[in-house]
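Student: Okay, here's what each chain looks like letter by letter:
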Amino acid sequence: MAAAKKYKLSKLERDERRLGFVLLAPAAALLTAVVVYPIAELLANSLYSFRLTRPGYRFIGLENFTFALFEDDRFLQSVLNTAILIGVTVPGALVIGLGLALLANQPFKVKWPVRLGLLLPWALPLVFAGLIFRWFFDYRQGFVNWLIELAGFAPPQWLSDPHLAFVALCIAIVWKSSSFMALILLAGLQTIPKSLYEAAEVDGASRFQQFVEITLPMLKPAIVVALIFRTITAIQTFDIPYAMTNGGPGSATETMAMYIHKTTIDFLDIGYGSALATLMFLISIAATSVYLRHTKRDGGRN
Amino acid sequence: MSEIVLKNVVKAYGTTPVIHGVDLHIASGEFCVFVGPSGCGKSTLLRMIAGLEGISDGEISIGGTLVNDLPPRERDIAMVFQDYALYPHKTVFENMAFGLRLRKRPSAEIESRVREAAQILQIDHLLERRPGQLSGGQRQRVAMGRAIVRNPKAFLFDEPLSNLDAQLRSEMRVEINKLHKRLRNTVVYVTHDQVEAMTLADKIVVLSAGRIVQVGTPDEIYNRPAAKFVAGFTGSPPMNFLPCSIDADGAAILLDGGIRLPVPQARRAVCSKLAGRRLDFGIRPEHILAEAVGSDVATVPAHVQLVEPLGSDTLGLLRIGTGEITGRFAPEAPLSAGATIQAGFAMNKFHLFAPDTGDAIRDPGW
Numbered sequence: 001m002a003a004a005k006k007y008k009l010s011k012l013e014r015d016e017r018r019l020g021f022v023l024l025a026p027a028a029a030l031l032t033a034v035v036v037y038p039i040a041e042l043l044a045n046s047l048y049s050f051r052l053t054r055p056g057y058r059f060i061g062l063e064n065f066t067f068a069l070f071e072d073d074r075f076l077q078s079v080l081n082t083a084i085l086i087g088v089t090v091p092g093a094l095v096i097g098l099g100l101a102l103l104a105n106q107p108f109k110v111k112w113p114v115r116l117g118l119l120l121p122w123a124l125p126l127v128f129a130g131l132i133f134r135w136f137f138d139y140r141q142g143f144v145n146w147l148i149e150l151a152g153f154a155p156p157q158w159l160s161d162p163h164l165a166f167v168a169l170c171i172a173i174v175w176k177s178s179s180f181m182a183l184i185l186l187a188g189l190q191t192i193p194k195s196l197y198e199a200a201e202v203d204g205a206s207r208f209q210q211f212v213e214i215t216l217p218m219l220k221p222a223i224v225v226a227l228i229f230r231t232i233t234a235i236q237t238f239d240i241p242y243a244m245t246n247g248g249p250g251s252a253t254e255t256m257a258m259y260i261h262k263t264t265i266d267f268l269d270i271g272y273g274s275a276l277a278t279l280m281f282l283i284s285i286a287a288t289s290v291y292l293r294h295t296k297r298d299g300g301r302n
Numbered sequence: 303m304s305e306i307v308l309k310n311v312v313k314a315y316g317t318t319p320v321i322h323g324v325d326l327h328i329a330s331g332e333f334c335v336f337v338g339p340s341g342c343g344k345s346t347l348l349r350m351i352a353g354l355e356g357i358s359d360g361e362i363s364i365g366g367t368l369v370n371d372l373p374p375r376e377r378d379i380a381m382v383f384q385d386y387a388l389y390p391h392k393t394v395f396e397n398m399a400f401g402l403r404l405r406k407r408p409s410a411e412i413e414s415r416v417r418e419a420a421q422i423l424q425i426d427h428l429l430e431r432r433p434g435q436l437s438g439g440q441r442q443r444v445a446m447g448r449a450i451v452r453n454p455k456a457f458l459f460d461e462p463l464s465n466l467d468a469q470l471r472s473e474m475r476v477e478i479n480k481l482h483k484r485l486r487n488t489v490v491y492v493t494h495d496q497v498e499a500m501t502l503a504d505k506i507v508v509l510s511a512g513r514i515v516q517v518g519t520p521d522e523i524y525n526r527p528a529a530k531f532v533a534g535f536t537g538s539p540p541m542n543f544l545p546c547s548i549d550a551d552g553a554a555i556l557l558d559g560g561i562r563l564p565v566p567q568a569r570r571a572v573c574s575k576l577a578g579r580r581l582d583f584g585i586r587p588e589h590i591l592a593e594a595v596g597s598d599v600a601t602v603p604a605h606v607q608l609v610e611p612l613g614s615d616t617l618g619l620l621r622i623g624t625g626e627i628t629g630r631f632a633p634e635a636p637l638s639a640g641a642t643i644q645a646g647f648a649m650n651k652f653h654l655f656a657p658d659t660g661d662a663i664r665d666p667g668w
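In order, the protein sequences belong to chains A and B.
Mapping to the working numbering: the first sequence position 146 is 146, numbers consecutive.
Mapping to the working numbering: the second sequence position 263 is 565, numbers consecutive.
There could be a bad hint or two in this list.
[Unchecked claim] Residues of chain B placed beyond 10 angstroms of chain A at every Cβ, according to the derived structure:
#, residue
1, G365
2, Q384
3, D385
4, H391
5, E430
6, R486
7, V517
8, L556
9, G559
10, R569
11, R580
12, P587
13, G596
14, E610
15, S638
[Stated by the list, open to error] For the chain A half of the interface with chain B, some residues (derived, Cβ under 10 angstroms), not all of them:
#, residue
16, P55
17, G56
18, S195
19, E198
20, A199
21, Q209
Note that these hints are calculated values from the structure, not bench results.
A virtual CB, placed ideally from N, CA and C, is assigned to each residue, including glycine.
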């Protein structure tokens with residue numbers, strides 16, 4: 001094969017390229033200041049012994065990391081707690097979100113009450129949702145215990161029993177996050193052409209068969225995106241447990257983000273907190289890369 | 303037997319009727335084309351036969367079974383959609399096999415029927431592909447394959463060729479025609495393209511504003527249009543219309559601008575009954591001749607406004623009296639814009655329409 005002749009850029013193209021760099025510069029500078037610099041600072045701090053309660057700023061290599069991974073039971077507990085919350089609330093929100101999306105996709109004459117009902121939990125601030133559910137599950141005044149008593153049972157201590165606190169948290173998180181799932185899935189549902197259902201109907205598919213043979217496979221890309229988005233945000237779960245249990249009883253419901261927050265803000269251990277945050281960052285990156293690989297493969301196929 | 307019978311079929315949305323009592327008999331094995339402009343209700347009527355739209359009143363039966371309240375899957379019909387509606391996540395094979403699989407046919411039978419249909423449609427090399435990997439024409443074939451594997455009582459086509467480019471459209475038209483000659487199933491085919499209607503149909507149903515205007519063979523629709531609407535819808539270019547009146551003894555048609563067209567002996571009896579009435583005179587472009595030769599040809603001075611050579615023929619826009627008409631001429635006809643020619647009207651081919659109702663004034667002998 002003959003070597004292809006390499007053409008130089010014309011003056012017009014060179015000027016355009018230069019203009020491009022100039023126009024990009026402000027955004028690049030801003031990103032450096034608010035994203036690159038803090039992350040670099042975090043990574044640097046994680047290698048130091050740096051406590052505001054004690055003087056000194058001493059390089060200790062990976063000691064913070066080895067302590068966290070091999071000796072700090074409270075951190076490992078928080079990782080496990082986070083994993084349980086992800087394992088329960090992500091699939092839970094998917095199932096409920098799918099149900100809500102299917103409901104919202106029905107041809108209602110008046111669409112806005114359904115849409116509003118979907119949007120409301122999503123639009124509510126997380127801490128606010130946490131507070132609502134804290135009152136919901138309150139031992140004395142809570143709505144849940146009021147119902148249980150009405151049914152003639154002894155009211156349980158929702159938020160001070162380690163297992164029940166988890167149940168309450170999961171319910172609150174599923175309630176809060178399934179509307180997000182539903183919104184993504186609803187967008188996915190609306191891209192499925194109506195004629196596919198008509199073709200399936202003529203082909204002989206029942207409503208259930210249409211759901212299995214058309215809706216689910218056509219919705220798969222949206223489901224994957226929703227799952228990955230939700231998983232990435234669930235790794236950082238903080239607000240709802242903070243407002244409902246504050247990690248209690250003890251540290252039974254403490255998540256990674258809460259433990260990092262306590263380490264850094266309450267115990268003022270900047271170095272160790274940075275190391276923990278770095279670990280959480282790595283976990284998030286791992287989850288994100290799964291997402292990126294998925295979208296890349298998708299792009300290649302189409 | 304798989305005849306389709308419609309009795310006084312009505313479709314209304316609320317109190318607004320869109321199909322006003324249609325009666326139609328489609329014989330078993332017949333290729334029936336619904337044709338009409340956008341919004342005339344042809345697709346709605348097809349979807350009512352399919353069961354995708356409810357019926358407000360009347361009866362539809364397919365193969366002797368009243369299907370008013372049967373869902374599409376129990377009507378034993380297959381449909382080809384305008385956008386093909388192929389299942390994008392399934393392979394071509396799975397797309398075609400879907401209906402059989404839902405009907406729990408043994409897999410050996412599914413395999414052989416899909417392969418047979420694929421062979422007929424020349425898509426057997428595409429069976430493992432997905433619809434996204436196919437061209438428009440191939441998708442169209444898969445959509446037809448999905449319909450024919452089930453061997454249903456009737457095929458319903460909803461503007462199946464309108465998403466294809468002109469060349470592919472005429473190719474697929476021939477394919478559909480061959481397929482019907484081979485399978486001899488009952489077909490209901492919706493189109494707004496009169497060429498498809500003329501070439502494919504055993505029976506054409508012309509619809510306008512939710513009513514049937516005329517039912518007939520392509521020959522009847524073209525040569526004996528029941529209404530001005532039908533005449534103006536068929537042919538390319540369509541029929542020319544000029545306001546006219548008829549002289550006292552029915553011997554001549556008088557066009558505006560003082561033009562007198564002698565009526566042939568055979569048509570005078572009918573014309574004499576219409577003497578004095580204002581009518582619309584209709585004549586097809588091919589019945590206008592560049593030279594006045596032969597009997598029953600009326601000669602009219604015509605001013606050539608525009609000449610459109612199409613290669614095989616030449617269209618000429620002519621001013622006659624106060625009106626304009628289009629003629630279709632042989633390419634060698636001596637036409638040039640600005641010239642005045644002696645145009646011939648083939649007076650044994652003209653049509654007359656009542657201007658108020660648009661109904662054709664017909665005589666069995668014409």
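Student: For each hint given before, does the structure comply? Return the numbers of the non-compliant ones in rising order.
Tutor: 2, 3, 4, 16, 17
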